[in-house]
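There are 2 protein chains.
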Amino acid sequence: VSVNIDPPADAALADEPAPTSPGELDGLFEQASIAANELDSIGRSGRAAMLRAMASALEDRGEAIIEVAGRETALGPQRLSGELVRTSFQLRSFADVVDEGAYLEATIDHAGPTPMGPRPDLRRMLRPLGPVAVFGASNFPFAFSVPGGDTASALAAGCPVIAKVHEAHPATSGMARDALLEGARSVGVSSGVLGLVFGQEAGAELVKHPALQAVGFTGSLAVGKFLHGLASSRPSPIPFYGELGALNAVVVCEQAARSRGAEIAKGLVGSFTLGVGQFCTKPGLVLVPATEAGRHLVDALAHEVGGTAAGVMLSARTAKGFATRANALRLLEGLSVLAEAAEPGLHEGYWRRPLLLRADADNVAGPVLEECFGPVLVVVEYDGPGQLNELVERLGPALTGTVQADAGDEEQARAVLGQFSSKVGRVVWNGYPTGVAVAWAMHHGGPYPATVGSIHTSVGQTAVRRWLRPLCYQDVPEALLPPELHDATGPPDAVPRRVDGVLILPSAGGR
Amino acid sequence: VSVNIDPPADAALADEPAPTSPGELDGLFEQASIAANELDSIGRSGRAAMLRAMASALEDRGEAIIEVAGRETALGPQRLSGELVRTSFQLRSFADVVDEGAYLEATIDHAGPTPMGPRPDLRRMLRPLGPVAVFGASNFPFAFSVPGGDTASALAAGCPVIAKVHEAHPATSGMARDALLEGARSVGVSSGVLGLVFGQEAGAELVKHPALQAVGFTGSLAVGKFLHGLASSRPSPIPFYGELGALNAVVVCEQAARSRGAEIAKGLVGSFTLGVGQFCTKPGLVLVPATEAGRHLVDALAHEVGGTAAGVMLSARTAKGFATRANALRLLEGLSVLAEAAEPGLHEGYWRRPLLLRADADNVAGPVLEECFGPVLVVVEYDGPGQLNELVERLGPALTGTVQADAGDEEQARAVLGQFSSKVGRVVWNGYPTGVAVAWAMHHGGPYPATVGSIHTSVGQTAVRRWLRPLCYQDVPEALLPPELHDATGPPDAVPRRVDGVLILPSAGGR
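Residue numbers (the working numbering), protein chains in the order written: chain A, 12 to 522; chain B, 12 to 522.
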């Protein structure tokens, strides 16, 4: 599954973009302020049309943008075209969210008596926060970068975006911006709707800018912590939505190991080597029973890993970071190498080899419990249900927790699922954690360090909630209220609402 | 309207409670962990019954608790019995929220094909965060303290509460806890459901405790910032929901001043002197037209203030703080005293006099734009729509913004309402900001410094959202799913849900 093409040609596509100056940053916010008014005045139907036009413009330029992204990231045309499909799908999904309007949480409480005396007329709706920052990821040049889910959900909410471009794919980012601006122009929204910022220092200045209202970030724990600190210590603190990574442990129960050991080994190796292990949901630890079935599974894992190929990582920095952390892991007391992919190896250019390690249960601590971004998986054998629960207890919070269980594993599986439920954002049953569907029921987040800042998801339709805040209107005349809060509404203003405490859906045809 | 009874008898009711030791704090968390499981296993109907039993237990002890609170806070029996009604109402409202179940945001996406390939079965629901801290307010011994909205909403969510008791009313807090625990016992929930912490240092340790999952705070900007810093800089940061105060500006338009000047003056003085000005929604600044009608209104304000009486503030600290800030204001360049209530005056014991100041438009800056907790209102005259908009632009974010407007004021009122909408949590039309109804459509919050930490409301049914986080179940067998996420549900598990993207309400009888 790992990528096997030429290394990325860093900065080979254009001169490195000049860092954004403070004056340019101010200019981006001035333009964003104009765009915020435009996003408001075109209304929900205008914003939905804009998001759909953006999706189409991105698709129209697909071939060219995939070619450039391929050269910048080494992710390969197949993965990149899949990611572009996902990115357009996300833009259109958020158009549907805006059309439906439930995300507004429109609420009306008519004036009336209460045990505390008369209550005024109160109407509440979510409103856009204003200009927000989006920090793109190296590993998703489309879906979690300039045209990705953070941008799509913020635009859906009505917030202009100023995106900090990841240095791994500046040319791709510029092309994506051009496509999205074409979509914006088609509904009369100006270029302030999506500004680009280059350079790490400019990124920090972006977070500190007084006009900024929130930050969406996808990336490493270290950078996430740093930017969260900046956002929290501003004279006027703003919400920070940081999506980081996780260990994403997998538990294999005894009956599952017996009945599907080879299949699980194959699936797990596919999952941890997918995209050269460069996913925030990459499984990093697997707990296997110390039984015959478990040992067969471990043998199968080693066999599978031996059959994988090295892959090109995203950047020199990523490749170096993985080598450093993977080498530190293999040198730890109680850790040993079970298998490694064929050459080329750990230290040659951007190429890195999938690596399977084994740790004693006693050594499940420190770095073994931390994310290692790249194709490494640590196997730990547990000697029974008691030790399994004790090991799962030791795990930190994560994006996901996976259980492999078959008939006969019920008791153990239920216990582990319960343990995971209190510390992950998604529990996976008889599957693998990589692959994060864009869906209403998806939650891609988790307690720190899976995410940092406010509680949130960065994938799925509910991600729009991050860019909104409630506003209550007390006794405000109807002429001054948003149309969704008028007593009588028809399409497109008829949205799901709560009126005098009761949820009401628009009548048929309202959607 | 101001209170006119004996000063509070600090610590006269009992020995000052001993500060909670680190060992005692650990013990509270151990008990809370037991209670968390109990809250889970009694389910939504059990938690609703618990909240209703708590409300009844509080009412049953009403007379005794009001007597004690009166001695601790000087708020007087009328205000306190009203607040107790509100507090019981809140507990019962959250019971209704739990019964209805929409707050769970239950979502089901069945497995199926997507443009990105097959999607697994995904089901999402909000789950309790775990033990949370509640910091009570001095000015609301019931409604924003131990038995208040933070506690009620957290218990509704299924989170045990450890409450930091405000030093202004320890005996009241102890009695409130006893009442709530009686309600908990009636449904088999143990005392770990509501622990009390005494002392400022113990409060800080509470926020830093590794087992804590979130903080609800009502109080001053200084303390809120300090605790938010602690919550954000923990090894594992947690959400902080800080409800502070605000300037709460009021704009009077010309026609409103002409037609209702005297009435507005009366209403405004009633609002800023209510509870001796000790409300987070107290209006602190009024913008009045520099016209004949405006000057009549200012004269009427001065007349009304002259007719008010001094009131007893909540504590020595509150009274001293108000005197310091009010004196600093009156000594500012460009500020002058328009009126003051009759003696006793600014420096006598806990008594403080309502104060009306005037500031030139040029001096609307610095302390004039900050909250002054207590009975003071600053009047500023504006010379036309341009200066009015410029002055409103200068205002910082706030909990509320109020517009007084009549026929003929439309253009100006619309502009000011638009300005307020971008920086307050509630816009009030031809009313006054004090009085925060407990209702679904209420929003009591606002951009920093009105609140600090995550975006939230501390009043109204949606306050429950603070104590929850989403969990996604991928391909998990039905037997291991919460009943609300089963395909087929009946009462009490049938809740409003989104299934395959479509919102569905339980059929009649489901609610």
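Treat the hints with caution; some may be incorrect.
[Claimed, not checked] Take a look, some chain B residues computed to stay more than 12 Å from chain A by CB distance:
(1) Gly57
(2) Arg72
(3) Arg103
(4) Pro139
(5) Asp189
(6) Gln211
(7) Ala213
(8) Ala242
(9) Ser243
(10) Arg336
(11) Asn441
(12) Gly457
(13) Thr462
[To be verified] Here are the simulated PhoX-like pairs of lysine-lysine, each with C-alpha atoms no more than 25 Å apart in a straight line:
(14) B:Lys434 x B:Lys236
(15) B:Lys331 x A:Lys236
(16) A:Lys219 x B:Lys277
(17) A:Lys219 x A:Lys434
(18) A:Lys219 x B:Lys331
(19) B:Lys236 x B:Lys219
(20) A:Lys236 x A:Lys219
(21) B:Lys434 x A:Lys434
(22) A:Lys219 x A:Lys331
(23) B:Lys219 x A:Lys236
(24) B:Lys331 x B:Lys219
[What the hints assert, rightly or not] Sample of chain A residues at the chain B side, in silico, Cβ under 8 Å:
(25) Leu346
(26) Ser347
(27) Leu349
(28) Tyr361
(29) Gly512
These aren't lab readings, by the way, just hints derived from the structure by calculation.
For glycine and all other residues, C-beta sits at the position ideal for the given N, C-alpha and C.
Status of Gln211 of chain B, Cβ more than 12 Å from any chain A Cβ: Its Cβ never comes within 12 Å of chain A, the nearest being 22 Å, so this holds.
Assertion that Arg103 of chain B lies farther than 12 Å from chain A (Cβ): Nearest chain A Cβ is 9 Å from Arg103 of chain B, so the label is violated.
Minimum Cβ-Cβ distance from Ser243 of chain B to chain A exceeds 12 Å: Non-interface label fails for Ser243 of chain B: nearest chain A Cβ at 5 Å, not farther than 12 Å.
Hint consistency between Lys434 of chain B and Lys236 of chain B [alpha-carbon to alpha-carbon, up to 25 Å]: Given that 25 Å is the threshold and the Cα spacing comes to 19 Å, the pair holds.
Distance restraint between Lys434 of chain B and Lys434 of chain A, which requires alpha-carbon spacing of 25 Å or less: Distance ~35 Å between Lys434 of chain B and Lys434 of chain A Cα, so the pair is violated.
Hint consistency between Lys331 of chain B and Lys236 of chain A [alpha-carbon to alpha-carbon, up to 25 Å]: violated, 39 Å
Status of Asp189 of chain B, Cβ more than 12 Å from any chain A Cβ: holds, 23 Å
Separation of Ala213 of chain B from chain A, once the least beta-carbon distance is taken, above 12 Å: At about 24 Å from chain A, Ala213 of chain B clears the 12 Å cut-off, so the statement holds.
Given as non-interface: Gly57 of chain B, partner chain A, CB spacing beyond 12 Å: holds, 19 Å
Closest CB of chain A to the CB of Thr462 of chain B still more than 12 Å away: violated, 10 Å
Hint consistency between Lys219 of chain A and Lys434 of chain A [alpha-carbon to alpha-carbon, up to 25 Å]: Roughly 31 Å between the alpha carbons, so the hint for Lys219 of chain A and Lys434 of chain A is violated.
Verdict on Asn441 of chain B as a residue remote from chain A, using beta-carbon distances over 12 Å: It is violated; Asn441 of chain B is separated from chain A by about 6 Å at its closest Cβ, not greater than 12 Å.
Checked against the numbered hints above, the structure breaks hints 3, 4, 8, 9, 11, 12, 13, 15, 16, 17, 18, 21, 22, 24, 25, 26, 27 and 28 and satisfies the rest.
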